[in-house]
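S.K.: Listed in order, the protein sequences are those of chains G and V.
Numbering of the first sequence is given in our numbering, commencing with residue 29 and proceeding in unit increments.
Numbering of the second sequence is given in our numbering, commencing with residue 26 and proceeding in unit increments.
Simulated from the structure, these hints should not be mistaken for laboratory data.
A virtual CB, placed ideally from N, CA and C, is assigned to each residue, including glycine.
Some hints here could point you the wrong way.
[To be verified] If the Cβ cut is set under 10 Å, some of the chain G residues that face chain V in the computed set are: (1) Phe39; (2) Ser48; (3) Phe610; (4) Ser614; (5) Lys697; (6) Leu786.
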Amino acid sequence: MEKKRNNWFSFTIFKESFKSNFISLFIVGIGNALIALVVILILSTLSLNTTKQSMLNMFNTANMEHTLKQSSAGAYIAFNGIIEAHENVMPQAENYLFTAYEGTSSAVDLLNGEYDTQLTLINGVYDLAFSTASGETDDEKHESAKETTLGVIDTILNLGSMSDLEREFIGEFVGYYLDENYENDSLGKEELIKNSLTELVDSYINQNFPDSTITAESIISYIELVQADVNEDPDNKETIIKDALTNVFSLVFPEYKDIISNVIFTLLDSYLANTEAYTNNTILEGEEIGYKDATYLKIIENLIDTVLLDNLYYEFLPDFEVKYVTNELGEPIYYEEKVIDGISQKVEVSITNLEDRDKLVPVKENMGLYSNFLEKMHKDLITGEPYTEEEITKAKEDAKEYLDIFSPQITEFYKDFVLNKSNYLDETTGEIKREVIVSKIGDFVYKYAKDIIPTFFEVDSLEEINKENIGLDGKELLNKAYDYSISAITVFEEEYKKEVDSGRNQIDSLLVALNRASTSLIDELPADISFKLNDLASRNLYGLVVGVILFSIAGLLLPIVYTILTANSLVAQQVETGSLAFTLSSPLKRKTIIVSKAVYLIFAITSMYIVFFLFSLISREIGIALGGVDFIESLSVKDLSLYTIGSYCVSLAISGICFLSSSIFNKTKYAIGVGGGISIFFLVSSILGLFGSEVMPLALRIDSMNFFNYLTIIRLFDVQSILDGTSTFYYLLIPLLAISVVTYLVGCVVFTKKDLPL
Amino acid sequence: MIEDVIVVKNIIKDYKNKRGLFDVSFNLKKGEFCGLIGENGAGKSTLMRTLMGFIKPDKGNLFVNNFEPFNNQEKIKEFLGYVPGEINYPDLKTGSDFLNLQAEYDSSFNKEKANYFINKLQLDISAYPKRMSKGMKQKMAIVNAFAKDKELYLLDEPTTGLDPLMREAFIEILEEEKKLGKGILMSSNTFEEIERVCDRVIYLSEGKIVIDIDITHLKEDEIRVFKVTFEDKEEFSRENFESKCFKTNIAKNELFYIVKKCDINRFLKRFNNYKIKRISEYDFSLKEYIESKLRKEYGEEKK
Chain G
29 MEKKRNNWFS
39 FTIFKESFKS
49 NFISLFIVGI
59 GNALIALVVI
69 LILSTLSLNT
79 TKQSMLNMFN
89 TANMEHTLKQ
99 SSAGAYIAFN
109 GIIEAHENVM
119 PQAENYLFTA
129 YEGTSSAVDL
139 LNGEYDTQLT
149 LINGVYDLAF
159 STASGETDDE
169 KHESAKETTL
179 GVIDTILNLG
189 SMSDLEREFI
199 GEFVGYYLDE
209 NYENDSLGKE
219 ELIKNSLTEL
229 VDSYINQNFP
239 DSTITAESII
249 SYIELVQADV
259 NEDPDNKETI
269 IKDALTNVFS
279 LVFPEYKDII
289 SNVIFTLLDS
299 YLANTEAYTN
309 NTILEGEEIG
319 YKDATYLKII
329 ENLIDTVLLD
339 NLYYEFLPDF
349 EVKYVTNELG
359 EPIYYEEKVI
369 DGISQKVEVS
379 ITNLEDRDKL
389 VPVKENMGLY
399 SNFLEKMHKD
409 LITGEPYTEE
419 EITKAKEDAK
429 EYLDIFSPQI
439 TEFYKDFVLN
449 KSNYLDETTG
459 EIKREVIVSK
469 IGDFVYKYAK
479 DIIPTFFEVD
489 SLEEINKENI
499 GLDGKELLNK
509 AYDYSISAIT
519 VFEEEYKKEV
529 DSGRNQIDSL
539 LVALNRASTS
549 LIDELPADIS
559 FKLNDLASRN
569 LYGLVVGVIL
579 FSIAGLLLPI
589 VYTILTANSL
599 VAQQVETGSL
609 AFTLSSPLKR
619 KTIIVSKAVY
629 LIFAITSMYI
639 VFFLFSLISR
649 EIGIALGGVD
659 FIESLSVKDL
669 SLYTIGSYCV
679 SLAISGICFL
689 SSSIFNKTKY
699 AIGVGGGISI
709 FFLVSSILGL
719 FGSEVMPLAL
729 RIDSMNFFNY
739 LTIIRLFDVQ
749 SILDGTSTFY
759 YLLIPLLAIS
769 VVTYLVGCVV
779 FTKKDLPL
Chain V
26 MIEDVIVVKN
36 IIKDYKNKRG
46 LFDVSFNLKK
56 GEFCGLIGEN
66 GAGKSTLMRT
76 LMGFIKPDKG
86 NLFVNNFEPF
96 NNQEKIKEFL
106 GYVPGEINYP
116 DLKTGSDFLN
126 LQAEYDSSFN
136 KEKANYFINK
146 LQLDISAYPK
156 RMSKGMKQKM
166 AIVNAFAKDK
176 ELYLLDEPTT
186 GLDPLMREAF
196 IEILEEEKKL
206 GKGILMSSNT
216 FEEIERVCDR
226 VIYLSEGKIV
236 IDIDITHLKE
246 DEIRVFKVTF
256 EDKEEFSREN
266 FESKCFKTNI
276 AKNELFYIVK
286 KCDINRFLKR
296 FNNYKIKRIS
306 EYDFSLKEYI
316 ESKLRKEYGE
326 EKK
């Protein structure tokens, strides 16, 4: 009975192949494993991550410097602005505002005849005074009677509940009213009132805004419109007047349109709610500061939340490389030839719309800088693409977070200022004491820095930033905050003055100076360099060395050499020497013989990689035990497994190529020449291509070398994808496996079909 | 058909430069001992390889035990044993490793028989096969082939490298196998072995079978060859045209005759009428026989 024979696999052939190739498999397997061991152990003693960390620290420190400087300059602007506002702007503004309000309110009342009783009374008093007045002429009598009437008017007006301002207004009005009444007998009462109001407003404008183009008539006609509105809805008189004032002030100060309504409402609400407390700045029960100061504070806080946020978020938008020339304000520019005073000159012209983008002046290659916040404001002009909605939303969230730390400090500062004004202001000149502000900002930045520094180094508290953990001293960093704040303020003051003197407007000067005051070392580097440094800092160097150097070059070399020799010795060499004749003269199918040999080759490579992987794992553990703690994060077991799988698939594909070559050729020199040649070519190309591949840090990368990556299947083992955690790695294994399957299959078929010279 | 274990019909394998096999046909009966002779490159090895199924002929049919060899390699090898022409061993530690592996490959491998041959050929199986001398390699190949129980053995120059003593032992082995009814197709450069063991000789030249003869009668003692030296040219020319003569040497006035044992007396009487210098018995060889055949086929041009 014939024994049923396995048609595909003969264990004896496998055994023979194993016996005759065992030594080389053992040596190469152990050799490769030792390479893994040595490389990984050496890595564990090197502190690659320290280099990386110090790079990262440089960037983080630069960012911190930038933020602290910007905060200092920002705080300087804010503190000075607050004092200026409190001392000058706000009192003046509220003066105008309240006058306008009371004036409008009273004027409306007058026009509506609410004061008719009083006016009749005043007329009576005047008439009486006139008749009893001493004087030669009527004019003299009128003046005398008017004086008398105005004298008693306070008493009359005091009968009603009037605010000081209102009373003052009515008093002034009565003066004009009596004049009008005296000069024009024939006028009706309404005409009289209107004329008197016009006179009053006219004199007010002449007194306070002599250069203004606004006429009293226009204001009166506006008041009449308000009056009409009030008559329609008498219950909402207050709101109607406030709205009307908002409109007027918006026309007068169009650049503050957005905040005017808020300021007006806050001030007026507060004032009308408790006029007395407001006027006297009374500290109400349970409050720290006066009623009026509290109102100011409310406005300041509101301004910070709205105005500041609207501009600050630019700072938090992602950086981009500025490849075109921009001016101090971050606007892209071009140069235009112009003849000035008979001399042809190049004049800077800023580009303000997208159509003019073709005029952009490119900067020298590799010399572009990273965008500052002013350039971010003009990103669409500079790059042609505006920020996306998501980017803006994210930036606003970040800015809000920043403000939440920033604004309480301002509040605190303001409270301290209103309570201890004498500390801040020079008693004689009333000027702000600079050194006090500077030291306040120092304190403020110091406090702020405590909160913010840890976030730059991604730790929870300042205590965690020490030489052991981060390589920097947290206390030293904190102390630097003072230096930063002083230098930022100094630079800001100088630059601001310079800009204003050069004729730039206040806001632009402020922005330019703020930008200059907040530059750090990194901001001055060309984007190319800082990008490269940043790239180096953000790289997983262990991944690079282990994944690329170890698994795709050093660790591949021995398996490839082994594969070339073994694939050759399994088939071509046996054909050439004739030793295969003995195998072939046994009752075995050729198919069985060649498949068994293929199985052996695959087995050899597989076992080699199992050993390689085990040694890598062991050396990783030893590395960790020896103190290479960075391993745990940078060289995870998962990554190590994926490196092994990738490298294994490459070896498998290369073994397929060598096997095919060995099956095709009857002569060793051709089998090795072709199979080995291709394999070594792949390896060499991958080494050369490495210099141009994205795994290489930018600083060392030679882009043109990337060409070689298209010549080698080894690059299908995508280390970068493993480092990035993307799935490309898995997809690229498919072609590798396909190459393996096809080459092995074709190799087997070729062998069964060909003549053997045995 | 059953009797013919090998059937070769008009096979052609063209390697160019007159190398290969050109229209070769022959049959081999079961138990036949056949020698294959020819100059180097005549196609002996190619024929062997074709029969082993290592090479596929360009044209023609061949059957080994009724199977086409190339596509039935595992089947014909149940039937065929083989000693390759060029012997190299796989990279194994010892000769016994090799033989053990071979035993695993082929269930017909008889270890006792192998040991018998090892002793007979004085083979050192503890040696490293790759470093063995030519003769040692040859001996191991012979042991390997004959340890397997096959019907027909293809031996491609099996005695190269063997010393005369071993050659003798090898011939003994062949004779033993012959008794067992095994067949042999053996190529060789030396006529002596073929002459001693083979019943039939096939002479290949430039890929063609030139001579295919039965040589059993040569070996049987029935035949004597006599060399007759004549007194002078005149006498010589009288006899020259006698058909029984197979070889002449005109310069020396010599003629060679093949004479059956029973005819010796009659043969000798024939020369009573001639002036004869000397009559001596001549040591006849296959080589000469073949050469004479060739002369007959191609005339003097083929030397």
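S.K.: Give a verdict on every hint.
M.R.: The hints, checked one at a time:
Below 10 Å, beta-carbon pairs count as interface contacts, and Phe39(G) has one with chain V at about 8 Å; its hint therefore holds. Evaluation of the Ser48(G) hint against chain V yields a held restraint, the C-beta minimum of about 4 Å falling below 10 Å. Because the closest C-beta pair between Phe610(G) and chain V is about 6 Å apart, less than 10 Å, the hint holds. Interface restraint check for Ser614(G): the shortest CB-CB distance to chain V comes to about 4 Å, inside 10 Å, so the restraint holds.
Hint status for Lys697(G) relative to chain V: violated, with the closest Cβ pair at about 16 Å, above 10 Å. Hint status for Leu786(G): holds, given a least beta-carbon distance of 5 Å to chain V, under 10 Å.
Consistency note: the structure conflicts with earlier hint 5 alone.
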